[in-house]
Amino acid sequence: MAKKKAKKTVKSKISVKTASPSQSSIPKASLRDVFFGDQISFSGMNFLELIKDSWLGFVIALILGWGATKIAALPSLKWLDVLVLAIVLGMVVRLIIGRFDTALYKVLPGVLLAQIVLIPIGIILYGKNLNLKLVVSTHPTILIQLIVITALTYVIVYWLAKMFKLDEKMAYLLGFGSAVCGASAIAITSPVVEGEPDDTSAALVTNTILVIISLLILSKVVVAWLNPMEYANAAGALLQQTGFVKTALAGAAKNVAAFGMAIKSLRVALLVIAIPAVSYILRKRIFIPWYLLAFIGFGTWYTYGTISANAAVVAAVGKYGTLSFASALAAVGMNADITKVIKKIWAPLAVTVIAFVIGIAVFMLTNMFVAY
Amino acid sequence: MTSYEEVSSVIVKKQISVIGSEKALAIAKSVKGLAIDSSGNVTSASKAALNSLVDGYVNIAGSVAKMIMKGAIAPLVRGSNIDLPESLK
Chain A
81 MAKKKAKKTV KSKISVKTAS PSQSSIPKAS LRDVFFGDQI SFSGMNFLEL
131 IKDSWLGFVI ALILGWGATK IAALPSLKWL DVLVLAIVLG MVVRLIIGRF
181 DTALYKVLPG VLLAQIVLIP IGIILYGKNL NLKLVVSTHP TILIQLIVIT
231 ALTYVIVYWL AKMFKLDEKM AYLLGFGSAV CGASAIAITS PVVEGEPDDT
281 SAALVTNTIL VIISLLILSK VVVAWLNPME YANAAGALLQ QTGFVKTALA
331 GAAKNVAAFG MAIKSLRVAL LVIAIPAVSY ILRKRIFIPW YLLAFIGFGT
381 WYTYGTISAN AAVVAAVGKY GTLSFASALA AVGMNADITK VIKKIWAPLA
431 VTVIAFVIGI AVFMLTNMFV AY
Chain B
24 MTSYEEVSSV IVKKQISVIG SEKALAIAKS VKGLAIDSSG NVTSASKAAL
74 NSLVDGYVNI AGSVAKMIMK GAIAPLVRGS NIDLPESLK
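From first to last, the protein sequence lines are chains A and B. Be aware that the first sequence starts at 81, since it is given in the numbering used here, and climbs by one per residue. Be aware that the second sequence starts at 24, since it is given in the numbering used here, and climbs by one per residue.
To be clear, the hints were calculated from the coordinates, so they are not data collected in a lab. As the structure is a prediction and not an experimental result, all values here were calculated from the model. Please note that the accuracy of each hint is not assured.
Each computed DSS-like pair below joins lysine-lysine, with the alpha-carbon atoms no more than 27 Å apart [to be verified]:
hint, chain 1, residue 1, chain 2, residue 2
1, A, K245, A, K399
2, A, K186, B, K52
3, B, K70, A, K420
Short derived list, chain B residues pointing at chain A, Cβ under 8 Å [unchecked claim]:
hint, residue
4, I42
5, G43
6, I59
7, S62
8, G63
9, I83
10, S86
11, M90
12, I91
13, A97
14, L107
Every residue, glycine too, gets a C-beta built ideally from N, C-alpha and C.
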């Protein structure tokens, strides 16, 4: 149907050869380009038309995001990451409506708008996890070890992804997901690397299977060689997704669980450096997304300001941040094809599991230099 | 000067990241006067073909598609004297 429509709209068959892309030059980047780059443009926008086009998909994304937060809050499913659940719910809905072109195109504008609006909100509010006091108070050897493991994991995932002939954007998504903080890192990275919906969904599903395997390896095998403090450090430095880190710590390191969670949250801070770096590699120009600055600003305010002392504010930030992210990822799922996603996860899974095993080896080697 | 090929390439690549390569490339390939490779690089285009390309994406994703496309080409066309179709102005 789309093909027919596109054909219908062709108004001329004239094909004028103009200069090839290499012959012309991209204008010098302005400050606006550095912070807003190729983000959406509202100029000349008819907002009534926008609402009419997109309300349905947007509302469905919100409902799915809200549903995911409720399901993930069930006691028996506390280990499950709400973002992963949201994207799976989105893919299931897409499987149903994808059979009918009319229904799919009715919700598509809202699905796209939900990602455009809600991902930045989710990222900014995720700044509450950017605990800057923790960064400055952590023992330097632990911090150095964490940076080494995170950077190496990222490089190994990227290198293995290239060996497995995976797409470059997929390599970045997997690298961030494995090295930094799992599902949230993938959600934050996706708009920067402009990953396809199927790739973002596959990276998230892969990350969840990876973390299940990693949890088993860590809690059944590696734990035997480490004391509780070391094990908490390993769980915080190597595992992804907060729910799984908590599960790992609840066993052998329940008395030092707070330390493990602190290590996990330190990895979030590394996004601040990694995202602009990757963005520069991909675009060959400086692009620091405005919402990354807002994420840092909010994180700083949350760390040093008084708002984190207000329980109601803390609860609201957590609730609406999660709802925004979950709804945005439900929208990503509604734009993805679950059958293709399933086919896409196996090579990335091999890449990330190998990287995890190497990560354990690096942890063991560097652990002897760490002062606890 | 920015060319129609460059603008079209940016739009197709943006749409690949938004709606996926299968749909984005199918729409682009159905536009007469537009030559494109499998990565979304447009090698031949005209103002009319660019206009049809934009219409193709607007047909499936409405005004949101237009916002996305205008944003995507903004760094490229800023300061350029390319004659864009009305839908991209």
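Status of each hint after checking the structure:
1. A/K245 to A/K399: violated, 39 Å
2. A/K186 to B/K52: holds, 23 Å
3. B/K70 to A/K420: Not satisfied, since the Cα-Cα distance of roughly 35 Å exceeds 27 Å.
4. I42: holds, 7 Å
5. G43: holds, 5 Å
6. I59: For B/I59, the interface hint is violated, since the closest Cβ of chain A sits about 12 Å away, which is over 8 Å.
7. S62: Violated, because the Cβ-Cβ distance from B/S62 to chain A comes to roughly 10 Å (cut-off 8 Å).
8. G63: This interface hint is violated because 11 Å lies over the 8 Å limit.
9. I83: B/I83 check passes; min Cβ-Cβ to chain A is 5 Å, inside 8 Å.
10. S86: This interface hint holds because 5 Å falls under the 8 Å limit.
11. M90: holds, 4 Å
12. I91: holds, 6 Å
13. A97: holds, 6 Å
14. L107: violated, 12 Å
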